[in-house]
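K.L.:
One-letter residues, chain by chain:
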Amino acid sequence: MSSLPTEIQQQIADWLSTGEIDLFIGWEQGSVPLGATPAFVRDPQDVSRLIWDATCENNLTAYLAKFKGQKVGIMVKGCDARAIIGLMQEGQWTRENLRIVGVSCPGVVDARKVASALGITLEELDQAEIVDDTVVVGDQSFALADTIHDMCQTCNRRNPNIEDVHLGETLPETPVDDPFGHVGEMEALSSDERWARFQAETSRCNLCFACRNACPLCYCTVCFADRTQPQWLTTTSEAEDVQFFQIMRTFHLAGRCVGCGACTRACPQGVNLRLFLDKLRLDAQEVFGYTAGVDPEAQPPLRTYRQDDPNDTFL
Amino acid sequence: MLNDRMMAPPKDLPAIWEPKIVAFLCNWCSYAGADLAGTSRIQYPPNIRVIRVPCSGRVNPIFVVEALRQGADGVLVSGCHPGDCHYISGNYYARRRFTMLKRYLEYLGIEPGRVQFSWVSASEGGRFAEVVTKVTRDVRALGPARRLSINKVNASETDQA
Amino acid sequence: MSAQEVAGMANNPYLPMSMEILRIEDETADRTLKTLDLRWIHEEQAAAFSYHTGQFCELSVLGVGEAPFGIATSPVEEGFIRFTINRAGVVTQKLHSLKAGDVIGMRGPLGNWYPTELMRGKDIVIIGGGFAFTTLRSLIYTLLEGGERDAYGKITVVYGTRAPGLMLYRPDLTAWQDRSDIDMHQTIDREAPNWPHHVGFVPTVVEEVAPSSDNSIAVIAGPPVMIRFTLPVMTKLGFAKEQIYTSLENRMKCGIGKCGRCNVGNKYVCLDGPVFSLAELDELPPEY
Amino acid sequence: MKQWLLPKSSLPKLADTIRQTHRLYAPVRLPDQVAFGEIGEGDPFTLDYANARTSVKTLFFPQAETMLRYERSLDRYNDISATPVDSVPTVVLGMRPCDARGLELLDRVFGQGQYHDPYYLARRQATVVVALACAAPRQTCFCHAVGGDPYSGDGGDVLLSESDEAYVAVAQTTKGQEWLASLGLSEADAGHLATAETIAEAAHEKLVKMAPAAGLEDKLTALFESEVWGEIAEKCIACGTCTYLCPGCHCFNIQDRVLANGGIRLRSWDGCMYEGFTVHTSGHNPRPDQGARWRQRVLHKFAYLPENVGMYGCVGCGRCITYCPVRLDIREVIARLRIETAAQLQGEQ
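Protein sequence lines correspond, in order, to chains X, H, W and P.
The C-terminal residue of the first sequence carries number 335 in the numbering used here, and the numbering is unbroken.
The C-terminal residue of the second sequence carries number 1501 in the numbering used here, and the numbering is unbroken.
The C-terminal residue of the third sequence carries number 295 in the numbering used here, and the numbering is unbroken.
The C-terminal residue of the fourth sequence carries number 597 in the numbering used here, and the numbering is unbroken.
Next up, chain X with everything else stripped away, as it sits in the complex:
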């Protein structure tokens, strides 16, 4: 755990005390191993609670929907920053109402990977801490780089592309060989095998909606899953309901998903949602040459069209 540098603390405190922002959303120390927790700071004196380290996994921009109309300061990693651009593109937020502390992120730690490396379950991981570049559990230690989330291992945008102040050093953007390798592997399977994979992955889902609620771009006032007229979904954990929900929720992010991975990290059952969402991101790139969360002025691909768009889907 590390508190924020004094100058950043001072900056946030200044924003708060001058009324430039109503609140600041950051992370603070949590009560479980390797888990920071979101912090909402309104009193300038509380800025000392804020921390930044590899346990700060939540994408805090998911909270922005709660504070529409207010002026908000927020801490973002490279991936989180893309969500802000997505929200701006869709008219959810304007730049003036945000004060952004950007932080370059080498990847956030996956406590399940640590537990798994120890041959135990998450419940059994009683203590663990990050010391420099290692995760230390009792007398064992693991390289942090080996225990970061999968989506962090293929991240090629570690530095926020929108920010007011930057915390710490900027990291080199190392090109990743094949950021969509996992999608390619699934594409290479037969139709039956892909269905089996989809079934296996979604079979763990118990429809708690953590993925939706952790997603900064899932801001619909009433989600289709919650509608009663018509009621699309019976809210059970049965395969038919879970698959239906997952297909529709993920497809609603087609061309919008910025690939922050917040849904995948939030899932209590460890469903690899990224395997599905990344297909949509890849297709947006391949078919429409579009990458979400990069250009605040660009239109998401399904909100616009060209007369000479590919026509090969249609008979």
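Calculated directly from the structure, the hints in this document are not laboratory data.
Every clue listed holds true.
Calculated cross-link-like contacts (lysine-lysine; reagent style BS3-like; alpha-carbon spacing at most 30 Å):
| id | chain 1 | residue 1 | chain 2 | residue 2 |
| --- | --- | --- | --- | --- |
| 1 | P | K467 | W | K248 |
| 2 | P | K261 | P | K250 |
| 3 | P | K457 | P | K467 |
| 4 | P | K454 | P | K256 |
| 5 | X | K133 | P | K454 |
| 6 | P | K423 | P | K256 |
| 7 | W | K41 | W | K101 |
| 8 | P | K250 | P | K454 |
| 9 | W | K248 | W | K129 |
| 10 | W | K248 | W | K161 |
| 11 | X | K133 | P | K457 |
| 12 | W | K101 | H | K1360 |
Using the hints provided, position chains H, W and P relative to the given structure of chain X.
P.N.:
Structure of chains H, W and P alone, referenced to chain X:
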């Protein structure tokens, strides 16, 4: 399984499986095309169940997936040719949307051919019959839809071997 | 259905009885309310069914769902049971589309009831507004036709709606208006042609009528805004919180205190209610 | 009460014996979790585990079950009929005392009062619950603060306690007594009992210190209008994972599903964390924000259930702490409320 006892084939359904295909047809082109096929007495398979929509752009992807969920063996969405949309641009949006959807559903393991899209104008009665014939043939070849369906009724016992 | 099966059903509180719609008609001029008279399909269930005035049932349309409705008939009316349904959600929309002869499901009776035992020997004031009059009709009918009219003192009724066409159960109202053993006051919000009764909001009319709070019990049911403005009037008339009863609504599913959503504090509206005295509500948080 | 000895090495044989007469569920170690699964011949299971991710309540009160069904025919109306209850004789082996206490709570909710839930109670009555005392409480465990104990036998028919290479088995109910007596075990000797005693003492030493919740139940309702709920709920993303993993949560929804030749009425878990849980058809919601929903969660568990059925709705298993996507810790909430209630009392004086 919540629905298990319901999966026995109902007594009043035919023992031989016939594909059920839900077709979302735009009011201005494809629906009129279907009409023309009818009035011109052009033969096409009776397997489609038509849902008339104002525009292919009106078709929410959830309609397509819901049709499969409710037990359709195939889904066809058809609208005006690009450039001919009664609402100027509805089918252009539809084209992007369904290009993404088709790729996505196939990625998740929905068999290619289960969900198809076409452009059929009001004057193309013959073409409408061809499209329906092709879609029906494709879906028949795939057999009853099991994936996503809460109604695997006609898929279990009456499955064609 | 064998007697054994009927007994078995009594042990499954989620299983509805099959009810045939005898009559379904628009109740009000704006066609947002329909009244359904239902009859049991299975005689044994009809025989086993007994209820109190103020209770409710869950009506269900298979494939659509269930929703709770107060019983508008009185236990002394035999052979059928009546509900008046406001078209609002999916279940009520479907119920509105049904016709005589259709079959729906019914579970109940559920919940508690108006304190008719407590009302013995007392004057009774019944105040209703809009379509919340359903269980009040049941109460009035029970008091008048239960064969024990003498057991109760003076009965005063104030019933108001926005317009004449929105009054429920007009034949009943007309009959009661002409009776001498009930002091009936109908009111509408604004003047309307050929309206012989009061004009004005319910609280105002209650103040005019000024029923005595002495040895009285009052029952109030209506939209929240009517209740809010009527209560101060009742206080002015000297009614204590223990003398005033009302009927609550909350979103319900099971109707039997298990599914955990209709609670107000630690009380379940479906099980401990829907009828509460104001004194009881005072002890509970404002969660309805 | 007799104390039997169950050598760990005899567990596979015991499983075979049980399966002669009962359906058997036991903890199974999966790649990233432990889950209760049905044990067939030779299937591996383990009693050496912290806790299952999904509470054992799911075996008695599954996330979704068909309650009623009807069949449609074209010419006549069919009565809706109830799904037969599941009363297959069953043994659930090795659930933690917190989960067993969760069942005790569900017994009261579904089995007390005027109405009884036939689906839950049938499974419950047909099942022998063999609880396994916690020799190694975890960092997130707080059963001892909510009226439980790592060695509590509440809700169980039998309690197993660790004694090196064996378990000491003690019946908690007549059902458990009869079942144990049928297994042909030998009685535990003084040595094993002493070892078990030592391990139990060590287990209690390991408990993370936490002030008991006792006393809170009478004071919480005074905080109903407090702003503290909004502050507690601020980071909550309303996912409901806490309610789904909780052994004590029992709220459910009832929904209809139309099928081609009939339909079903099913019930599925629901939760107070969801906005739609209490919203009226009119759009009015008596619990309009996440603060109000958290208030319901806390008051239901720590005030209403104690008053209505005599025990907390929280058994201290810690699942909601481990799996909360934003790590909103119920222990910290309790601690915060303790301070708030004290402040409230002082303010009144």
